[in-house]
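Visitor: So you can see what is in the structure, the chains are spelled out below.
Number of protein chains: 6
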Amino acid sequence: MSRKVLCFGELLLRLAAPASERLLQSPRLDICVGGAEANVAVSLARLGHEVAMVSVVADNALGQAAVGELRRHGVDTRSVRAGAGRMGLYFLEAGAIQRPSRVLYDRAGSAFARADADSYDWPALLDGVSWLHLSGVTPALGASGAAAAIAAARAARQAGVRICFDGNFRSSLWQEWGVDPAPILHELMSQADVLVADHRDIAVALATQIDPHAADGGLAKAAELAFAAFPNLQRLACTQRQQRNVDHHALSAVLFHRDGSTISTPAYELPSIVDRIGTGDAFAAGLLHGLLREMSDEAGLHFALAAASLKHSVPGDFNLVDAQEIEDLLSGNGFHVRR
Amino acid sequence: MSRKVLCFGELLLRLAAPASERLLQSPRLDICVGGAEANVAVSLARLGHEVAMVSVVADNALGQAAVGELRRHGVDTRSVRAGAGRMGLYFLEAGAIQRPSRVLYDRAGSAFARADADSYDWPALLDGVSWLHLSGVTPALGASGAAAAIAAARAARQAGVRICFDGNFRSSLWQEWGVDPAPILHELMSQADVLVADHRDIAVALATQIDPHAADGGLAKAAELAFAAFPNLQRLACTQRQQRNVDHHALSAVLFHRDGSTISTPAYELPSIVDRIGTGDAFAAGLLHGLLREMSDEAGLHFALAAASLKHSVPGDFNLVDAQEIEDLLSGNGFHVRR
Amino acid sequence: MSRKVLCFGELLLRLAAPASERLLQSPRLDICVGGAEANVAVSLARLGHEVAMVSVVADNALGQAAVGELRRHGVDTRSVRAGAGRMGLYFLEAGAIQRPSRVLYDRAGSAFARADADSYDWPALLDGVSWLHLSGVTPALGASGAAAAIAAARAARQAGVRICFDGNFRSSLWQEWGVDPAPILHELMSQADVLVADHRDIAVALATQIDPHAADGGLAKAAELAFAAFPNLQRLACTQRQQRNVDHHALSAVLFHRDGSTISTPAYELPSIVDRIGTGDAFAAGLLHGLLREMSDEAGLHFALAAASLKHSVPGDFNLVDAQEIEDLLSGNGFHVRR
Amino acid sequence: MSRKVLCFGELLLRLAAPASERLLQSPRLDICVGGAEANVAVSLARLGHEVAMVSVVADNALGQAAVGELRRHGVDTRSVRAGAGRMGLYFLEAGAIQRPSRVLYDRAGSAFARADADSYDWPALLDGVSWLHLSGVTPALGASGAAAAIAAARAARQAGVRICFDGNFRSSLWQEWGVDPAPILHELMSQADVLVADHRDIAVALATQIDPHAADGGLAKAAELAFAAFPNLQRLACTQRQQRNVDHHALSAVLFHRDGSTISTPAYELPSIVDRIGTGDAFAAGLLHGLLREMSDEAGLHFALAAASLKHSVPGDFNLVDAQEIEDLLSGNGFHVRR
Amino acid sequence: MSRKVLCFGELLLRLAAPASERLLQSPRLDICVGGAEANVAVSLARLGHEVAMVSVVADNALGQAAVGELRRHGVDTRSVRAGAGRMGLYFLEAGAIQRPSRVLYDRAGSAFARADADSYDWPALLDGVSWLHLSGVTPALGASGAAAAIAAARAARQAGVRICFDGNFRSSLWQEWGVDPAPILHELMSQADVLVADHRDIAVALATQIDPHAADGGLAKAAELAFAAFPNLQRLACTQRQQRNVDHHALSAVLFHRDGSTISTPAYELPSIVDRIGTGDAFAAGLLHGLLREMSDEAGLHFALAAASLKHSVPGDFNLVDAQEIEDLLSGNGFHVRR
Amino acid sequence: MSRKVLCFGELLLRLAAPASERLLQSPRLDICVGGAEANVAVSLARLGHEVAMVSVVADNALGQAAVGELRRHGVDTRSVRAGAGRMGLYFLEAGAIQRPSRVLYDRAGSAFARADADSYDWPALLDGVSWLHLSGVTPALGASGAAAAIAAARAARQAGVRICFDGNFRSSLWQEWGVDPAPILHELMSQADVLVADHRDIAVALATQIDPHAADGGLAKAAELAFAAFPNLQRLACTQRQQRNVDHHALSAVLFHRDGSTISTPAYELPSIVDRIGTGDAFAAGLLHGLLREMSDEAGLHFALAAASLKHSVPGDFNLVDAQEIEDLLSGNGFHVRR
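Protein chains in written order, with numbering that gives the first Met the number 0: chain Z, 0 to 338; chain H, 0 to 338; chain D, 0 to 338; chain G, 0 to 338; chain W, 0 to 338; chain P, 0 to 338.
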């Protein structure tokens, strides 16, 4: 049986101030490739899966470099094409202690956002695919992105390809576009087998309110509403994050199954965080890994949380760890130097 | 009498591959501030003049940083305001030997380009100003830029402020906009007292052809046509560049006066060029310096050429040299270590 | 009413070993501009105030660069002049865990220290000024510095300009000079409306002993003595620092008012400190901000403490944060990524 | 018809002193991936060809990184496997002016050198392949390398796959092994359709002497002997290099055809060389490009020389240029900034 | 009385990924010199002792650089000679939070490992020497290393030179060699006056099992067995490390004396570790310092622990601190900035 | 017979702007150790000679680091002591093309300049020494430096130690001190066996004028005067430099012998200079090497010129080349890559 995963979304270039500097404090930026769905693709490739990316990049050296980076990490990039428009960028200023990290999006007019929603041949792209991964970033990029994401999801459902949808609600992008996200997100979540989503993602999609001040942050209520609203949904999972300060978090995870079972984990303490970006994507990739490997939900959730936790120690957007390293953490093999 | 200079144009951020690397060959970029008119402003400030910038930057940390850099070098930035839109960027890959340098513009949708042409109070901005400096980049950015540049020029002419216009023809920007540049450039050149322009700038503005294969590259013909077409024009000057290879040029200059006199200089050999960007702006600033200091045309042209030549040894867009260093080169003080 | 602040003191260049290296462990230094009073000036400029610096720098490229950095951050540097002598330097080796940070002063013979005390035209410099900020570093630099600081304070008092004096007692500098600091500091504190000072500053100025082992570190006693001795003094404030190790502190603050009221704050925990230098100057600037904005003493003290705390996350001497960021910390807006 | 190229050889890690420093002068090294045949593979991939690498790397993070770099640039790495042994390294100290560059090989005991010659399934690897590229480095690595190279060449000849062999004679490697290179190289050259070789390569393979002091450096004689000795040989080509100093060369090329025709080119002057390593591999890749594109020998030789010349401007082992850039140089499109 | 210390062992080059990056994530490595016994030598030299190194390095620029680094820090390197073979390397990837640090040894075939065991003139080398320091790394490098270490120990014993042996058991090296370590280590420990060793070192040497799950990690049992087996042994000491996560440890130490007395210390908390490598060597050097200075065992053990703790704050293999800094930590002089 | 060389002079720290940047253009400096006489010492050590340094450094981490660097390169530093005062610094801005390099001395008040002239025990220091090397920098540092240099020279003459004196006239230092250099330099040159000096050095010492516009730059006249005035003088040598631009020189050398013979060399062309500083010191060291090795004057002069020429390719103050590399250049071994 095929185990191939298809990820659809925008490739971004991340331009980060070095170390703990403020943006442009010194005349240098560190640059790497990111993007929510691309991060999932790279994670899965490094975990040993066959994974392909569908995207559109700028027809210039920046676009080629972004594609090259995905290929370097083992992602099949033959379905990433060049198109009119620029590369989406984001500027990152990593915070410290009490000074929050800042992300300055500069992605308007990107080749991906400008690509025609009809330009993707989904039946061909989905041929031989086991899972399709989408996130809430793509529909927030405008009419083309929304239409393309919906077309992809419908085609996948029709082709028997399972769908993982990561909420990733970005209110600033939706505000920039100026439409009501609810019907679009509702449609996408309706197609999903797995949702990575918190109370806010569900509340927005269902155009309702969920009280986040419940002990569980409103997650049980969100799950209840989600399973009621979305008939294909089997599992809803997310991380829970306590931010002691900017670079010290505690991270746990919870998974709700349509059968009513709920699994939750203890929290990992993560002091001295190296890079917080992409940790949610690492979690989504970990979940997919568990499903592809047919782990129990419990094993899969622990794997996903360990993957997400390890990402906090890796610079850049990508979770550059392999399955053995995650298993080592889960096995409690300790923190001594490996020689 | 006032000697204040006003420069109007876009501030850009330049993102350059380090050393001689290809773009994104390694995961680092060097960043600095530039923009044709800002480069002139910084040059003039370092040459000891009172100079103010009029511009619009993004309302974020990048925009603030760009303004801070101009202020650092002594430019009055009180008339630079923040507006909706992004910062214009350009990616630079410095070439070497036979591999040309590449500039990748990423400036669509910038705060400057999106600023309303009516939002500048030119009479107030020009109060107490001696010279206004504009370039052909601004009108190429779209309807707002073109209208604003023309409004500035007309207000200056009306206020008795002299105008220096640097052709800086960028065909890719005009093509992106999709209008005929001729009437716009014609109007701007009509207001100018001084043009920094070559045969192509004049040919475009006059919607004619000038044969660049004449011994002088068509410059005499261009000057003849320009003085005939533009009644306010007193001087037309430009550099002439022989490119032996990517990092070895020879640079000379020529100036035509309405009275029919022509001044030309011998060429400086410039092997092992450090940074070629901004050398034309350094030339324009040098010319303005000569006019502000009431040098003879001959002295002013030699000063401008020496300024432009020295810029080839300075990394970044700005010509970080002072008047004494330029005078030293003109005096033939030699190349020994200054202790 | 004017809100302009005038800061008087030496600009220093800081030469720091990169990351956590020992000094000269690798052949590279990071360089930035600092100096106690200049740090206050930059903080205030970034908090939105009109602030001017009075100083003397070396007449060379280093001096010009230092002035440019202040201008970059919005400080009016027209009253910083070049003079005979060198730039004061300090070498910094940032410590870690149990290895203390080390500062190696190399400021003897600086242009500032050598400047004639009579060379400042205080009535003109103080024209239109609301507050004068001085610190105990300047009088410690020798007879000229001491005389100039006293002249500035007296002129300010006479002109109705309020005075903020930051004790900043540096015993090594006074020992180098070899005079008794008491009468000089007594005179300066006598002029001050606001003192940023701890028990040692007051004890030295009053040539007395204050037991630091009291529960409050001797602060109440110091305040009592200070209000008795210094008739113009309205407020005395300082931070209290518990150093759990070299890069983990807890920071609180206390303020005493002449009316007998005392305000103290809870402590912020500051693990993984990025840069400890300049945090006291950030506190002084925060206090002045509160006074300029006419905050209550309580609000002002909390603002100053938050400003000082945030400085621990910013590399370099300057507190590169704006008022909104400080307000965010005070409002408990949390540590999540700002997108 | 298939156009796929197969390259067989060792992947190396290059550890270079930064800029013009002596090795370990400062505590930093720049690292990149290289190896003669891998360089050819990357060149061809960037020129748009389908190209696969056959190699063995260390079974560790270094080996994986090397493979990732090839994949990044578009090389099919599915036939690169991990094996027992270390990664081959070389330390590079780039020279300047009169100080020659130095390469310190540290490749003994590498996974590639230790790989069993029988472990490659050549018929399967060569399936669908048009050209096999080998070089004289592989047989110099020891008995396994020599046997594997010969097996590959024989299998290719049998399968109708054409063979390009680059002499790349490294006397230090042969001396380390301690065998007579002549019979091995003779066998390999006997299989080749195209040789990239100079007088020394031919002299060694034929165990004869060729006088390099002839006007053409002994090339005509070498070609005459080669065509006589090697029945399958159709073309012999090489570059000719005049080294004016360490970073200023002049480079030309010559090609001999079995039909007796000889083509030679004028020389490109290459002052201020950025990186001299890998230029011969860039030439070989250019030749193969011409053959794959069915260019005339003259066009192909000029293309190969232009490719090799451009490599001198690119840091690292790989020739990171595309076909358009090479065509631009051949067309004399000039050295101006591309905007 | 002589106080000279002789250290015998291999010099290694350490090639480390910068900051918290994965190996080869970016194309740069930081390089420094290390090696267990060399680390002890440098520590002792910086603590003010006369110390000489006996070793063999590669006969190339890398070997010379390694020797130069030892000399830089005050080690007498006249008995380090160049020999056939390469420099031993190790690649280091520093971990973070839950991601362990990784050391990739690349030292097979080194000049040190290949040096003939008979090539050292121990009587001459030991002339005037007070202590010989060896570690368990040297005998693990193969027959030559083992024979040389044993010869050195026997010659020292004969010459009345006291011997400190640091267990440093590296199972991967012994497995590579493929012999039983027990008789070799037993012989070496039989000669030692001081052992730095934990339960595993002793268990291996005695070919027995020691239960590490005892409250003290099996140390008392190990000491009991060691004193019974090794007649010359006077003291056995080691650190005890609780690894809260990869960069937060707690470190204490214990020392057993043949007279039955046991000394143990409280633990230092070490959050935000800068560099964990070489901390054991810093401990051994601290112990030797105490013995050379004739401190009490208690004072010496505390000194050694403080030295080892401080090493966690210093980048690189060497413990670049002086005795005063260690004394300051022991005196509780606090963590404030030293000005 | 002893071959030991003693060098006496100040150790400086050089703080250089990176690459071709203006000073403080970016917030980073590259730091290395230099000083005219120390440069000679390091050169000689790397050429295989026994060489010791006599100097005084600051009693802090900077002074220790400077000493460590000399020791690293093989110089005996046991006679370098720490004293009151700071480290002398110089800031370097390397020029390019037509922009001259700039050296900003910051050495006033250094520990060396403040050291008591009587604090050196010359008879002991010169014991077993063959040559003493001094330069004109030391006497220019003030009364102590001048007295110490003269005392050293006299003691050497008395002890039969030969003296090499490098003129190194620094007018800015003499002006700062404010005395007439003639009698001091006359006295020093009177003791010298070898002078490295040009027409200006001699003219100053003899308080006369020498026309530099003669074909040989006044050298023959200078030599004639020098041999007449200085009875111990056997040889006077210097380099001649044509500066085509800032980074392209041509360098030749000339040597005059008391016997009337004159030797001159052809010029080396040195385009793309990496580092011009310390090239004169490399020449002096090369001359001393020839004398120590008892080369003919012709061979020695060529060796010295080749050494000086190679220094132009080495970053930093030190000439990090060995004798074999210089011999290779003299032998015309070519510029190919050494593998």
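These are calculated hints, taken from the structure and not from any lab test.
Please note: incorrect hints may appear among the correct ones.
Where chains are identical, the list cannot tell them apart; a pair therefore holds if satisfied intra-copy or between any two copies.
Said to hold, decoys possible - Straight-line C-alpha distance at most 20 Å; calculated SDA-like pairs for lysine to any residue: (1) Lys220 / Ser25; (2) Lys3 / Ile262; (3) Lys3 / Arg77; (4) Lys220 / Gly84; (5) Lys220 / His335; (6) Lys3 / Asp120; (7) Lys3 / Trp176; (8) Lys3 / Lys220.
Visitor: Take the hints in turn and mark each one as holding or not.
Guide: Hints, verified against the model:
1. In the homo-oligomer, the alpha carbons of Lys220 and Ser25 never lie at most 20 Å apart, since the shortest distance is 47 Å inside one protomer and 44 Å across protomers.
2. For the identical chains of this complex, Lys3 and Ile262 are neighbours neither inside a copy (27 Å) nor across copies (51 Å), given an alpha-carbon limit of 20 Å.
3. In this assembly of identical chains, Lys3 and Arg77 lie within 20 Å of each other by CA distance both inside one copy and across copies; the values are 14 Å within and 17 Å between.
4. Neither within a single protomer nor between protomers do Lys220 and Gly84 lie at most 20 Å apart by alpha-carbon distance, with minima of 42 Å and 39 Å respectively.
5. For the identical chains of this complex, Lys220 and His335 are neighbours neither inside a copy (42 Å) nor across copies (23 Å), given an alpha-carbon limit of 20 Å.
6. When the C-alpha separation of Lys3 and Asp120 is checked against a cutoff of 20 Å, the pair qualifies only within one copy, where the shortest distance is 17 Å, while the shortest distance between copies is 27 Å.
7. Taking the shortest alpha-carbon separations for Lys3 and Trp176, neither the intra-copy value of 33 Å nor the inter-copy value of 43 Å comes in at or below 20 Å.
8. Taking identical chains as interchangeable, the C-alpha atoms of Lys3 and Lys220 are never at most 20 Å apart, the minima being 33 Å within one chain and 55 Å between chains.
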